Amino acid sequence: MAKGVKPRVKVPKTAAAGEVITIKTLISHKMESGVRKDGDGNVIPRSIINRFVADFNGQNVIDVTLQPAISTNPYFQFDAMVPEAGEFKFTWYDDDGSVYETSKKIKIA
Amino acid sequence: MDFTRRNILALGSGAFAVVTFTGMPAFASKTDDAIAAFTGGADVTEGGIDLTAPEIAENGNTVPVAVSAPGALSIMLLATGNPTPSVATFNFGPLAGARRGSTRIRLSKTQDVVAIAKMEDGTFYRAGATVKVTIGGCGG
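Respectively, the protein sequence lines represent chains A and B. Per the working numbering, the very first residue in the first sequence carries number 1; after that it's consecutive. Per the working numbering, the very first residue in the second sequence carries number 1; after that it's consecutive.
Read the hints as simulated data drawn from the structure, not as lab findings. Note that the structure is a prediction, hence the values are computed from the model and not measured. By construction, the Cβ of each residue, glycine as well, lies at the ideal position given by its N, Cα and C atoms. Among these hints, one or two may not hold up.
[As the list claims (entries may be wrong)] Restricting the straight-line Cα-Cα distance to at most 27 angstroms, the calculated cross-link-like pairs of lysine-lysine (DSS-like) are:
1. A:Lys89 to A:Lys30
2. B:Lys109 to B:Lys30
3. B:Lys30 to A:Lys89
4. A:Lys37 to B:Lys30
5. A:Lys30 to B:Lys132
6. B:Lys132 to A:Lys107
7. B:Lys109 to A:Lys30
[Stated by the list, open to error] Residues of chain B placed beyond 10 angstroms of chain A at every Cβ, according to the derived structure:
8. Thr39
9. Glu46
10. Arg104
11. Asp121
12. Gly122
13. Arg126
The whole structure should be built from the sequences, with the hints applied where relevant.
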């Protein structure tokens, strides 16, 4: 498992029913591309997050496939519709099989 | 003929031009392969996508890119000059508020960034932007 992986998500605390909100996510991960070489000329093996999924109350918002060309600490900004109060669930899938999860509740105001 | 300094320089730049020209199709076909895999060989129409990328990126390690395509099911991002052209694919779910997403990508050198959108009616749209990269972002 990659070290020091920490997901950070920015979701508004409240929204009106049916409102479209902007969500920002960032996860600290080195995203080793697999083309870089170390000091001795050996290729550093690829180690990236290959998939990111955001769901709201079990319904999908966005599902992103990541390739090595995504920068270190993958950042995503996207829009989500909030039909009711509930919970956003964010999931990142690592090449090594690790799964990182975080969730955020949102209220209807 | 005498090989003057000028002649040698001219020969050198000629050889360089040949190398770059033969190098180009390899990259182009890699990108085309990736596009064909995404579209399944369907026709791609220019336009319909809003692709926002900086004209000049000082650091190729992290280039902010935003795509937006109203009515898209999924959007694929490609960097035509990278060792692997594929960058990311955004698939929008039923609760996606708008068909847009932004992220930060790596670019190895000055090149075109291409976005291909798959629409709900099964058509495909394409948009491109050239990004000048001062420091490449693929190491090596």
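Here is what the structure says about each hint:
{"no.": "1", "hint": "A:Lys89 to A:Lys30", "result": "holds, 23 angstroms"}
{"no.": "2", "hint": "B:Lys109 to B:Lys30", "result": "holds, 16 angstroms"}
{"no.": "3", "hint": "B:Lys30 to A:Lys89", "result": "violated, 35 angstroms"}
{"no.": "4", "hint": "A:Lys37 to B:Lys30", "result": "holds, 23 angstroms"}
{"no.": "5", "hint": "A:Lys30 to B:Lys132", "result": "holds, 24 angstroms"}
{"no.": "6", "hint": "B:Lys132 to A:Lys107", "result": "violated, 44 angstroms"}
{"no.": "7", "hint": "B:Lys109 to A:Lys30", "result": "holds, 20 angstroms"}
{"no.": "8", "hint": "Thr39", "result": "holds, 16 angstroms"}
{"no.": "9", "hint": "Glu46", "result": "holds, 23 angstroms"}
{"no.": "10", "hint": "Arg104", "result": "violated, 4 angstroms"}
{"no.": "11", "hint": "Asp121", "result": "holds, 20 angstroms"}
{"no.": "12", "hint": "Gly122", "result": "holds, 19 angstroms"}
{"no.": "13", "hint": "Arg126", "result": "holds, 18 angstroms"}
The earlier numbered hints that this structure contradicts are 3, 6, 10.
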